[in-house]
Structures are given as structure tokens and as C-alpha cells.
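Enquirer: Okay, here's what each chain looks like letter by letter:
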Amino acid sequence: MKLKTAILAGTALAFAGSAAVAKDMTIVSWGGAYQDSQKKAYAEPYMAEHSDINIIWDESSNEAVAKLRAMNEAGNVTWDLVDVVASDAIRLCDEGLAMEIDPASDLAEAPDGTSAAEDFGDLMVSECFIPQIVYSTTFGYRTDVAEWDGKEPDDVCDVFDLEAFPGKRSLEKRPINNMEWALLCDGVAKEDVYDVLETEEGQERAFAKLDTIKDNVVWWSAGAETPQLLADKEVVIGSTYNGRLFSLIEEQDQPVKMLWDAQVFDLDGWIIPAGLPEDRLAMVKDFVMFATDTQRLADQAKYISYGPARKSSAPLVGQHAELGIDMAPHMPTDPANAKNTFLYNYEWWADYRDDIDAKFQAWLAQ
Amino acid sequence: MFCPDPDIKFAEDCLMSDTTAGQVLTTQDGKPLKAALAKALRREKLRALALIAPLLIFVLITFVAPIVDMLFRSVENSIVSETLPNTVVALQDWDQSSGELPDEPVFAALHQDLVVAVEEKTHTRLGSRLNYEQSGTSSLFRKTGRGVRRMDEAAPFKDQFIDVDDDWGDVATWQLLKRYSSPYTAGYFLNSFDAQLTADGIELKPEDERIYMFLFGRTLFLSIVITVSCLLLGYPIAFLLAALPLRTSNLLMILVLLPFWTSLLVRTSAWKVLLQQQGVINDFLVWTGLISDAGRLVMINNQTGTIIAMTHILLPFMILPLYSVMKTISPSYVRAAKSLGANDWTAFWRVYFPQSVPGIGAGAVLVFILSIGYYITPELVGGTSGIFISNRIAYHISSSLNWGLAAALGTLLLVAVLMLFVVYDKIVGIDNVKLG
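Protein sequences appear in the order of chains A and B.
Per this note's numbering, the first sequence starts with residue 1056, numbered consecutively.
Per this note's numbering, the second sequence starts with residue 9, numbered consecutively.
Hints listed in this document are in silico derivations from the structure and should not be mistaken for laboratory results.
One thing to keep in mind: the hints can contain errors.
What the hints assert, rightly or not - For the chain A half of the interface with chain B, some residues (derived, Cβ under 7 Å), not all of them:
| # | residue |
| --- | --- |
| 1 | Lys1057 |
| 2 | Cys1240 |
| 3 | Lys1414 |
| 4 | Ala1420 |
To be verified - Covered stretches of chain B, as calculated for chain A (at least 3 residues, CB under 8 Å):
| # | region |
| --- | --- |
| 5 | 121-134 |
| 6 | 211-221 |
As the list claims (entries may be wrong) - Straight-line alpha carbon distances no greater than 25 Å define the calculated DSS-like cross-link-like pairs of lysine-lysine that follow:
| # | chain 1 | residue 1 | chain 2 | residue 2 |
| --- | --- | --- | --- | --- |
| 7 | B | Lys213 | A | Lys1223 |
| 8 | A | Lys1288 | A | Lys1223 |
| 9 | A | Lys1414 | B | Lys166 |
Glycine is no exception: its CB is placed at the ideal position from the N, C-alpha and C atoms.
So here's chain B without its partners, still in its complex pose:
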């Protein structure tokens, strides 16, 4: 096939160029080549899509959908309007900045709602949820739940409620109820940005309560350090594995994979034994006289411990992608470079290294994303200066049951990872993930 434009050598370029001569390339049947090619490509794409469709649907249903549902909890707040429907409606007319308590109809609505809530045992659940925002609400609702049954329906409710618990006479309690009346709230996200929703609007939390932004920063920073240290340690190993003959490299590969087959907790605990102040490494250094007994190195229960243990655990994730890319680099390039006069370093840096960059990218992304989400290892060896945001997310899921806040923190983590992924794509470029 010849292209009307004599400067263009390849068929695809020809198709994409303007054929100013007015001639259209055709296949043997007389159909335009461009259309035929597009049709064939589309068929290939559809076939590839059909092959991955079952897996895609499975992942969407069992993975993406539940995660989206979980993340939805970060804004969902229907518990107040569901448990106290009439009170929420009655509070709409109340001016929370007036400094005065709501009127009797609001208290009557509260009584009406609480009678139902106590029947269904949902009042304490509301108390727990509001307790995340203001301490004391949990016992307020518990006490009021017991008192509501004994109230006199004929008498005014305002004084009866204040009798049961003084907090009903505190404007702050009512402001809290009004603030959280709507079915959606930004409270959890504000919390994860170390701010809070108060009666006067959005404010930063007092300094002694700000942890999340700081922890996010520390998590990202330590993850980058771990990724870099994995890279520095993993690159030479992958280089060696790719360069050796197949049998030797397979043997060494087993050694790389062996830690995978040991339990994570066992590996982390082993690091504790090694790195402790009275541990193996310190004992050895004192025995050889390199350090004094009083000057033992503190390598655990701090950031150093986290970095060392996490690097050890995530190293295979860096070595394997690097190895797979390096295996495809033909040794003839380096030989050609040397034959053209390059010394060892130049041949490596200017010929071999650029070809291994996709492997570095893949390995780095994998290690980084894994290390952001880890919480067992930082919990055990990180002490207080080496814990990650994921530890707080785990705490809110398991212990405090503040799933809204955990979902908000998780969403922020997801957004951070996605942003970094976009940056990575711009800089390195995702290895062509074409369909077909």
C-alpha cells in the first residue's frame, strides 16, 4: 500500500494524515481502509470487554458497591431525623442564636418522640451518636429514656425534662440537636480536617485535639520514605535476578518470596526481638564494643522501627514488578552502548535505567498504596511517633464505633491516593492499558 504523501512511510500515520491528493486508501473489497480498520479494532475491543466482563461485574458488586456504601456513611446522618421526627420539625422554628430555650411545644414533641424511641430502644443509639460531638449526651439520653416513662402527660413537659436532667435546660444541648437535624452532615469531614461544627459556624478544633491532618502528613511522608528505601534495596536485587541464568535466579526468587509465606505478625514480632533496646542487634553492638551499654540504640517504638519493619514486609512488592520489567530489557542494548564507548556507569544510567522506569513506577505505586493502608505493623512497632492514619481509622471502626468519621477519613485517604495516581500518570505514564 502506498501513501499518496511520499514522506509518510507507515500505514497508520498515512490513515491519520490528510490525503490532500484526494485519494482514499481502500481494501481489496473496495471498502475504505480507515473504516475497515476502525471496525476491526472495535471488534477486538468488544471481544476483550466480553472476556473481562464477568470479572468486572463481580468486582463491581462485591468490591466497589460495598465500599461506596461504606463511604456514604461519611455524610449520612439520618439517625436524628428518624429517631426524633417531630422534635426536628418543631425545632425548625426555634432560633438557636437567641440564647433562650425552645418553647413547650418542642418539649412536647420531644416527649412524643422519646416514648416511641424508648419502646424501640433507639434512644440510646442516638445518644451514642451525638456523644461524638458533645460529651455527656450518651448518659443524657440514657437517663432521659428511663425518666420519660414516668412523666405526667397532663403537666407541662419543659420542667419535667429539666428535672430529669439539667442538660435539657442548657441551650447548647438544643443547639446540638438542631445542628444535626438534617439527614446529611458535613460534620464527619470537618472532623477529619480538624475542624468542627459549632453553634457559631465552622471553627478549627482546639489545638490539643488536632490530630488528623498531622497524621495524614506523617502517613504520606513515611510512606514516601518506605517507598524510596524499598526502591534502593530492591533495585539491585531485581537487577541481579534479571541478569542471572534462569536456574540460579529461580532459586534466589524463592528466597525473595519466602517471607510472603510467613505470617505477618510473626515477621513483625521478630523485628521487635531484633530491634529492642535489650534485643539482638543492640546486644551484639555492645558486645563488640561499638556502643556503650548506656548508649543503646532506640530502633523500635518510633519511626525508625516502622520504616525498617515496613520496608522488610513490602520489599517483595517492589522486587517483583521491577524484575518482570527488567527481564524484558534485552542485554544487547547495554552491550551496544559499551561498544560505542560508554563506561559502565553511563551505559547503565543512560541506556538500562530509562528502560526500567515503568517497573520502578509500578513497584513504587504498589508499595506506596500498600504502606498508606497498613495499620498492624505501625501499631506494633511504631510506638507513638510511627503510627499512621489507618490506626485511627481502625480504632473508629472497632472501638468507638464512629463509622461516619472512619468513612470520612477513609474517603480522604482514597482521594489522596487517586490524586497521587493522576500525578504518577502525568509523570511516568501508566503502561498502556488498552482494551484489545
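Here chain A stands alone, though its shape is the one from the complex:
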């Protein structure tokens, strides 16, 4: 009886004690290699310095927009910091679900004294968004296709060329990027692509171009699908996020090469949910100040081939932590890869996405 009471009392004390000591911070991200790189570059160093804070990861970024809206309506936001792509951040900002950030007071300066706003530059596409990385959607192709007679695609329009490069392709099951590439390869100049795409005729033109390869396309909705299809040789050219292709080529040694032409840059970064109580907000802001400074963004590049969003981080990018190879040539922002790039046109797609998506789905269903 005495022993039992002693054990019970001890457990109760331990719980009470630990509850007073560790504060939890819930961070939402995408899971997989990307979340691992964030854990190693941001969370572990932060927790080492602040032993009273415990970072909990939630892998719900895919559903973040819907879940944040639901949380907001229920009046109970359980997330402290959410990693979303820029277009989601703009939507969240529009819906009032994300907090506005003031770069001057919330973000760290560059080591040489440049203000955060200048260091991030044009990549601050929304008042609520703190960019972390630049990634791109681009193509990978197999190097061992017999039917190609030794030729290799070096231009995005080779994707639409079924005679020189026969075989199946894989494209994303949404209009973004596909419509731009289709128009580009139909002869529209790069600067006019969005003006043309606004019109009915322009959209029909893009669909007509996509129709030429439609029967040979496998449509993907998850980033992991194209690497798997390429590895199985189910498709010979496929689009996906460049980090996935890096992992396929360098870490898994598959006979695949990158096709960087006309890669579309996109941004991935943090938003702070609106309506957080003061104490949690202070905790999150402290973490954000640490996790988005120059060295941290460069550190993330050691684990994954996505470019840091800050200009001052680029010279600090070193080698891969495990493979020991130089990461710079694998960055989408590297000059050798970035000869012909698009930047996802957030404002334009925010306006036209609903309309074109409906048309795209109808076109797919035919």
C-alpha cells in the first residue's frame, strides 16, 4: 500500500513537473524528405538552444488550407506555424486566415546589414508569407530509351515532340504549368503567355496543343508518382518537383537526367495562423526569426536540393550532408539551370484558376 501510494505520488509529480517545463509548438509541414530537412536545419538547432520548447510536427500541409478554415470557424486554432506553397499562402491571406508579417520587425537582417525585405526581394509575394525555399516543377527523362537513337531532350518542346522522342509522358493533373508550356511550344512568346491565356481562343489553343500528346500522358497528383513511374520505365519523360528528381538521380542512382528548360519556379514558406493567443504568438515569432535567417536557409540546402529564398544565403550553400556532393549545381536557381525559367504568376492564377480548372477537368474527362 505504501509503495503503491509512493509510485502514484511520484508519477503525479513527474507529470506536473514536466507540464510546467516543456512548451509545445506545433509546426505543420509536408512530411518526407522535405520535412526531414526542416527538422535537421531548423528544429533541432532551435530545440538545442531552447530546451524548454518541444516542437511537434504535423504532416497536414496538403490539407492545410481547408483545415485552417475549419479551425478558424470552430474558433480553435491548434497549429502554431504552417508550411504552405505561395499560392496557398495568398489564398489563406485573402481569407483572413493568415497573419500579416512585418519584415522589419519579424524577420532577421542579413549578416551584412541588408534589411529582410530587400534580402527576400520580389519573393515576398504576399504580406502574410515568409518564403523559405525556391523549388521548381521541371522534367526528368530516362537516359536509356532505345527508340530515341541516342538523342536527349534539351528543350521543353521536346516533351510535345512524339516523333523524335516517342514514349509516355507524365504531367500534373492540373492546368498550372501545363497550359504555359503548351502555349510556349505553340509559338507564343514568353512575355505574352498570360495575356493569351486570358482569352477563350488562347485557352483553346493550349488545350489543342495538349491534345496532341493527351493519349500518351499519365496524369499525376502526388509528387512521388513521377519518380516511381520513371524508375519503373512506365513513362520516359515526366514532370515533378526538382527535389524529387534529385533524390531519384543522386540518392537512388536511377538512369534519369534533369531537363531544366522552362522550369517553373514556385515558393514554399511559412504562414502564421491568424488569431493565435499572445504567448503562442511570441513563441512562434521567436522561432521564425531564427529559422528564416541567412544561415538557417543555407543549412536546409545541405539536405535537399531546393534553393534558399534569401539572396544572402546563396553563397553559403555547401555540400550535401550525407552524399558529400556540391549542392549548388543541383539548385533550380543555379545559373546553368536557370537559363529559361518561369515564375508562377500568383496573381494571375488566383484570378483564373477556378475558371480554367473547371475547363481543364472537363477536357480531361473527354
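Mind docking chain B on chain A? Use the hints.
Expert: Relative to the frame of chain A, chain B by itself:
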């Protein structure tokens, strides 16, 4: 107890018949039997109701109420009148078919409303919502929100607004605002029927934008195909399980249930590996020489893939109800039929099969309702020709945040299922769900 009518043998029938002889049956205490029986039945019913009451209340609060709330969003449209109250009132006098812009008082009301909306950061939310109906509204409200702060209160607002963005000088924008002024809208439902609310009334959408009716049709058709294939595969298995001695059938039952314990995504991904053009099945067929290398079967990323994968996943839902009904069929009926001269087929078809129909009904309803709502498997293996309406509902919930349209599509799906359930009841009859 004898019934005054000598042709009626059973007490219940006697109670329900007219006792023309004028005699009333009574219990031993002298109370009329009919009343006593009714009272006893009522007591039984109340007791059964009390037993299920906690569960019923729980389900109503945690399940039915939230779903009804969600479905209410399919007609709810208070965002316009809440964000722009004065503008909505001012627009009531404006004639939208006149082809002319509204007057200065409307613009003044708009300015008044937007100043408040920008303070509360609700103007962009309105822009997003109206953008579902007309592209460009999202950036219109975003830009105007930034411009409203700099407007001169003394000068006329009409020109200032048009300066900020040309769309304010376009009659279509104002027609859109007027059309969506009321707190309730049929817009979402019209959208799910591939129609739209325009300035000239209700019109069908242009052909290249019509998808929902087509997807509904495809979902119902494929679900029926999946139900039939589950039935064809599941019936023999359930028959075997019911006929075997208990120990063997328990062992086989574990094999039926084993897929349940594996993750759904793992099972679906396994089908991808099997059915791909470079997958296991195709490689095997090419190796045995049945098909040529160039003529590999396309079994995935199309309807075939969806049907195969969904049948595999929903098979246990068909086998278990069938098994439970077949277990109650006494083998003596079939033996009796055979002893009367029936051959195997006749004995099965005319004696065994009709008794298993309630099981078929239960299994079919379960599989059908589940397969209409599935969206993960069609998303992964369906390609473009095998996706269901539920994929679009999921898209509108997660990505486009058009919850009104998702709710409308969900309501239509619910109504379709309920109608089919009524039909099923008329044809097969729900197994007596009596209280008590």
C-alpha cells in the same frame, strides 16, 4: 383461445379480423385482448427506444447535425450582404438590364462598406467567393482594397473607383454583385447541374465546362459495375464459407479479413505495381508469349484499374453480409428439394438463392454506397477516365475552398443514394427493422 370465426387459426389474425359474431376476446383478467396486446407491444417498443436513445442522441449531435450544417452551406450566401450591406441596399433600385452603370450613391455606399471591410480584412474573402462565379474578381477586390484608403472623400467616387480598376466601369461586375446580393443562392446547385446564373437568367454552361452531370453518371455507372463484380466474386466465397465446418471456415474467414488490416494506400499502390504496363502481370504475359511486348495491356490509369482495385477493396463488405445470411439457411431445404427430384442447379436456384436475397441486398447496398463515396483509389489508379464525383468534391473542399459547391455536390450525392435506397426497399424490402 378460440376465434369466433372458425376459419381463422392464429390469434393475431383473429384480433385483426372483424368478429362479426360480436364476441370480444378477453384475457384472464377480463381486459380486451386487443388492448392488452397493444399495451404490451408499446411497452416493448419504448424499452427498445430507451436502450438505443443514448446512441441515437450521440449520432444526432455528432453526426447528423454537423452534416446538416455543412449541407446548409450549399444555399447560404450571406457573405455579400454582410460585407457590403449598404451597397446591397443601394443596388436594389438599380436596373441591371439597363446596360448602364449604377449612380454615384451606389459608389458612395460601396466606399463606405469597403472602408469597414478593409479594416476587418473581409474584402478579399468576398473577392475570393465572387471569383468562383466570375474570374478576375479576386484581384479586383484586392486592388480596390489597397486603393480605397487613398480615396478623396470629397470628390465623386465613381471616377475614383474606375481609376483604381477598370472593372468597376464594367456593367457585368455590378450585375454580378446584384445577382449575389441575397442571403440565399441557388448558384451552387445550378453549378452542380452544369448551369449558371447569368444576367439573362439561368443558362447551361458552355460545353467545354460541363463536367458534373457527366461525372455523376460515370460514378453511378461504375459503382453499379463494381457492385455486380463484387457480387459475382463474393457469392461463391460466402457460399463456401457457410457450407464448410466451423473450424475451416473460421480459418478462411481470417484470409477474407486480412486485407482489412492492411492500409488502404498500400493495397492501392500494390495494384499499381501489378497492373502497370511494365508491371508484374504484363511482364508475365509477355514472358509466356500470350501478348507481344508492344501490345501490353493497359489496365491502370483508366476505368479498368478503378474497377479492379475497388472490387478488391470492397469485397469483404460483400462477403460478410452474404455469409451471415447464408449461415442461417438450413441445409435441410436443399436436401429436401433434391429428395423431391430437383437437380443441383434447380435446387440452388429455386430453393437456396431466394433465401440468400436479403444478404445480397444488404451487401449490394453497402458496397454501392461505399463505392460512390470513395475518392482515394480512383484518384490513384483511375487516371482521367476512372475518377468519380467525390474527387471533385474533395478538390473543392481542400484546394479551391469552394465549400458551397462541394456541399451542393454532396447533397446531390446524398439525395441520389436516398432515392436508390427507397427503390431498393420497394424491390427487395429492408429486413424488418422493428423496434422491439
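Enquirer: Could you run down the list of hints and mark each one as holding or not?
Expert: Consistency of the hints with the structure:
1. Lys1057: violated (41 Å)
2. Cys1240: violated (21 Å)
3. Lys1414: For Lys1414 (chain A), the interface hint holds, since the closest Cβ of chain B sits about 5 Å away, which is under 7 Å.
4. Ala1420: Given a least distance of 6 Å, the restraint on Ala1420 (chain A) holds.
5. 121-134: holds (count 4)
6. 211-221: holds (count 4)
7. B:Lys213 <-> A:Lys1223: This hinted pair is violated, its Cα atoms lying about 33 Å apart.
8. A:Lys1288 <-> A:Lys1223: holds (9 Å)
9. A:Lys1414 <-> B:Lys166: violated (35 Å)
Hint check: violations occur at hints 1, 2, 7, 9; the rest are consistent with the structure.
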